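Chains as they are written, first to last, in this note's numbering: chain A, 1 to 277; chain B, 1001 to 1205; chain C, 2001 to 2205.
Careful, some of the hints might be misleading.
Under the rule of at most 25 Å between Cα atoms (straight-line distance), these lysine to any residue pairs were calculated in the SDA-like manner [stated by the list, open to error]: (1) C:LYS2085 <-> B:SER1064; (2) B:LYS1038 <-> B:ARG1080; (3) C:LYS2085 <-> B:THR1122; (4) C:LYS2038 <-> A:PRO237.
Selected chain B positions facing chain C (in silico; Cβ < 8 Å) [as the list claims (entries may be wrong)]: (5) LEU1006; (6) GLN1027; (7) ARG1080; (8) LEU1081.
These are computed hints drawn from the structure, not numbers from a lab.
In this text, all values refer to a predicted model and were calculated from it rather than measured experimentally.
Just so you know, even glycine gets a beta-carbon here, dropped at the ideal spot from N, CA and C.
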Amino acid sequence: MTVEQGEARPEEAVPGEELPATVPGVRVGKEPLRELPRDLYIPPDALEVFLETFEGPLDLLLYLIRRQNLDILDIPIAAITRQYMGYVEVMKELRLELAAEYLVMAAVLAEIKSRMLLPRPPQVEDEESDPRAELVRRLQEYERYKNAAEDLDSLPRLGRDLHPATAIVPEVPRESPAPDVSLDDLLMALADVMARAEMFSHHHVQREVLSVRERMSWTLQQLNSEHFTAFSSLLRPEEGRRGVVVGFLAILELIRESLLELVQAEPFAPIYVRARA
Amino acid sequence: MTMPPLKHILEAALLAAGDALSLEHMQSLFPDTDRPDKPRLRAALLELQQDYLDRGLDVVEVASGWRIQVASGMVPWLSRLWEEKPVRYSRALLETLAVIAYRQPVTRGEIEEVRGVSISTTIMRTLQDRGWVRVIGHRDVPGRPAMFGTTRAFLDHFNLKSLDQLPSLGELRDLNELHPELDLGFPDTADAAGPDSPARESTDG
Amino acid sequence: MTMPPLKHILEAALLAAGDALSLEHMQSLFPDTDRPDKPRLRAALLELQQDYLDRGLDVVEVASGWRIQVASGMVPWLSRLWEEKPVRYSRALLETLAVIAYRQPVTRGEIEEVRGVSISTTIMRTLQDRGWVRVIGHRDVPGRPAMFGTTRAFLDHFNLKSLDQLPSLGELRDLNELHPELDLGFPDTADAAGPDSPARESTDG
């Protein structure tokens, strides 16, 4: 890698290249790149931005090749290497964070160049003989996907070119007075809790005797007149079927004695209980 | 660029937004030189409404503007649409939301007091992320707890123009959350109760 | 409940979903006794397509089913609908996505080999978070690196029905096609080269 470094100072990195005014097919972001730093003397900040537009060494190389309208299969290795090294040098001088890949590529280029300068033994004639072959393959391969990425970007896509059409689904309309809480509804709630109680039945912690009265006191203690309490929370499934029945009877009794009031918003909605003030 | 009929632009905008748009917002879609005034917008929206009459769609005005929604007659056909991936809020979340809706402004401590259980941070975050609930101030007591209230998005979701259209607490609950697999021999009364069965009760003190 | 026209039910369902629905999913909306078969569904969707012709809407089939979308012709009118500009993806992300789309299943090492740079974890995570890319297996080599592939969501997002609708990849040419005089003094080796040099190369990461 040290081979080339002395040779290419930034100022002369791309000297005297015949550059087209615009660079066909080369884009920086969305905009076609209009002009290049011919002598690489551009403000460091701008250069940084310029270099950041490259997606790595292959991209930079492709750029160097394309901007001279060269065939990718016919890279003038010496010239390209010199230019490439120029950019790498600049990046190093600016202490840009230089990805290791750039240095690896520099080494690869230097090696190809040196091999091409060496006299070739005449007997080596197979297709691997051109030391550029692997580089060309990688460049082509990369270019295919670079173009594919552009194609992908130009496909119509959701959120940019297309928008999914969405309509709101309204809730089922609801207005009108609440029905009285019927015994049926109460039974349904009971059934709900009983069903859950079944799941606990195998625990059977203790079959303590629960009197309805005791349970009424307990229930009253759970309630106050300011807040509603979920009916189902007064029935404790873990006590099993029997405990739930006792709890239910306690509530019925409290209602009968006008100590509780029940509220249910609509059929099958949860029932709430509150102590009468 | 020739301009498509106004009603088609509005239709596309409302469907793309997937939400209500105010008349002002609709106006802002147009260049200054070609900005329809509100009566024209209204007229176009009403035209759209007409077009939708025999279809499953509706154009309605809600608190934050106009929106396109599926006509209520169509809703029963969609009941199975989300069966595969139910995004259903937990009971705890719905209860919390209800308390906030009815008692706003309300602090977290007050919600917890009403519900009798502590409220997970996740629930409060979900409600705020959803845009239904936001902090609307701080109670002037030690610790200055945040007070929560509901948002326009909340009203829109429930198809309400204002808070006083809110039904009773109990109604906010989903009927389906009642365990449907009750098999304790009770007669199935589900058919007896229509979804529109009346329910308006102020459970709030 | 009398049944509205099939196309209106589908329209309402697709708009309510706000996303693509598969034909199977559409079928599941109907009771067993009255379930339209797929040709009938297709016919209704094509009818809807006709209805939309002069409007700003499209009914299209993408990878995960059919969806209704605002046609791209309407987009100029909607550009001010959203505050933010649509997300623009970085070249690094698009190139990575392209390599995955065209060469799947592919490991991260293989992607890096093609692109000549290491790929940030952020990019892989973004692609996966967006649901466009997922791990579809592990290469049976030391380290068992994950192999990535694209998802239906990727196809949906790019308005594609299947991978073979992707624009075709450019050709690879052979170095030996080159005219000998352009070479830097090397003898012409064109005759020595095989006709189809392999485009695909297996490299382990």
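Tested hints:
1. C:LYS2085 <-> B:SER1064: holds (23 Å)
2. B:LYS1038 <-> B:ARG1080: violated (38 Å)
3. C:LYS2085 <-> B:THR1122: Violated, because 31 Å separates the two Cα atoms, which is more than 25 Å.
4. C:LYS2038 <-> A:PRO237: violated (48 Å)
5. LEU1006: The hint is violated - B:LEU1006 has no Cβ within 8 Å of chain C, the shortest such distance being about 10 Å.
6. GLN1027: violated (10 Å)
7. ARG1080: Constraint on B:ARG1080 satisfied, holds at 5 Å.
8. LEU1081: holds (6 Å)
Of the numbered hints given earlier, the model fails hints 2, 3, 4, 5, 6; all others are met.
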